[in-house]
Amino acid sequence: MAHSTPSLRRHSTLLVGLAYAAFISLGLPDGLTGVAWPSVRAEFGLSLDALGALVTSGTIGYLISSFSSGRVLTKIGVGWLLVLSCLATAVSLLGYGYTPTWIFMASLGILAGLGAGAIDAGLNTYAADNFNPRTLNWLHASFGLGAASGPVIMSSIISANQSWRVGYVVVGIAQLLLASAFAITRKQWQTQQPETTVEPVASATMLQTLRLPATWLSILLFFLYTGLEFCAGQWLYTLLTTSRGMPPGIAGVWVSVYWGSLTVGRLLSGVIVGRISVLSLLRLSMLAAIIGVVLFWLNFAPWLTLIGIALLGLALAPMFPSFIALTPTRMGPSHSANTIGFQIAAATLGGASITSSFGLLAAGIGIEVLGTYLFVVALALALIFEGLNRLKPAA
1 MAHSTPSLRR HSTLLVGLAY AAFISLGLPD GLTGVAWPSV RAEFGLSLDA LGALVTSGTI
61 GYLISSFSSG RVLTKIGVGW LLVLSCLATA VSLLGYGYTP TWIFMASLGI LAGLGAGAID
121 AGLNTYAADN FNPRTLNWLH ASFGLGAASG PVIMSSIISA NQSWRVGYVV VGIAQLLLAS
181 AFAITRKQWQ TQQPETTVEP VASATMLQTL RLPATWLSIL LFFLYTGLEF CAGQWLYTLL
241 TTSRGMPPGI AGVWVSVYWG SLTVGRLLSG VIVGRISVLS LLRLSMLAAI IGVVLFWLNF
301 APWLTLIGIA LLGLALAPMF PSFIALTPTR MGPSHSANTI GFQIAAATLG GASITSSFGL
361 LAAGIGIEVL GTYLFVVALA LALIFEGLNR LKPAA
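For the record, in the sequence shown the residue sitting at position 298 is 298 according to this note's numbering, with numbers rising by one throughout.
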């Protein structure tokens, strides 16, 4: 952007602001459903585990859109992708608010997943090519802000004796406004090419990208990272209360420390990454994550366990956005969009499968195996990362 005109710089600031808003909106629905679920369940007369239908349908839609995002971006461009995906998310949320039956609501989860997966992959692809690593870290911190705001919005509405449906309608209207903003600025989302650029690079097919060893290592990297993050976040509370005898209120605070450290860490990483290289930051983060898991695993003293939990959150914070930032250089312009779509899909799969597989392991061995399990995943993550760094960048 060194040759950008003042007009283009203003546009860039506007697009960065819209990208922050989009990541906040991406996190909002995740925080709404957990709070709304008891009310939804009571209204439709559902069993406790019926939520799985909504989660499954959302995951299916998310995987479809994120995996194919590279090809869709080639066909319609990032501007239209953001417009249509925001519109899909808005329709699904408004549909939740006015749904007559549970089956209809669960079916809308596919549309919600399609929209969320496309926003996630499309914005990450654009940001990796056009924003610096600092902005990428802050974008992902915005997602955490959205996820934290969702429960506040829904609980405030329910506390005011309003229906849970109102919460979805409010957020759905906000998504419509965001879709309108993307529609107005859709032409500005085209990547600006320097005047010296001779030919645009043709995008590779998905099959061509999947033939590269670096693609599969990148997929595995995201699979392991998200599995580590989600597994720790989902099972820490159960371990602390059922195995280590911690009062529920204190255990809840400690789990909040983990998620809070993850969000704060991304804000701090945006500053740190301007002072050291992304590779150096990631290597330090890998080491810190392993140390955090070991402190939590060995449980020498409660205060050391707490430090381990907080350190793990801080260490994980820069990984996802920094992995994304490295992808264009590692994969080249022809494979970058496909690879980022694959990575987002792998992240979804990793978060679900590693977290659920631990539940099966804990049922057979005991919940205290969590420390060992997380250590193995964290070590594998570091080894895959180093292996990926040894490969030559894709042509």
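Read the hints as simulated data drawn from the structure, not as lab findings. Errors might be hidden in some of the hints.
Have a look at the derived ranges for each label pair, beta carbon to beta carbon [what the hints assert, rightly or not]: (1) GLY249 x PHE104: 34 to 42 Å; (2) ILE76 x GLU43: 22 to 30 Å; (3) GLY274 x THR56: 20 to 28 Å; (4) GLU368 x ILE307: 17 to 25 Å; (5) LEU360 x LEU207: 47 to 55 Å.
Beta carbons are placed, not taken as given, at the ideal position from N, Cα and C, and that holds for glycine.
Consistency of the hints with the structure:
1. Taking 34 to 42 Å as the suggested C-beta distance range, the pair GLY249 and PHE104 conforms, at roughly 38 Å.
2. At roughly 38 Å, the beta carbons of ILE76 and GLU43 sit outside the given window of 22 to 30 Å.
3. Between GLY274 and THR56 the Cβ separation comes to about 41 Å, which falls outside the hinted range of 20 to 28 Å.
4. Here the CB-CB span from GLU368 to ILE307 is close to 19 Å, well matched to the stated 17 to 25 Å.
5. Between LEU360 and LEU207 the beta carbon distance is about 34 Å. The supplied range of 47 to 55 Å is therefore violated.
Figure legend: structure checked against the earlier numbered hints; hints not met, in rising order: 2, 3, 5.
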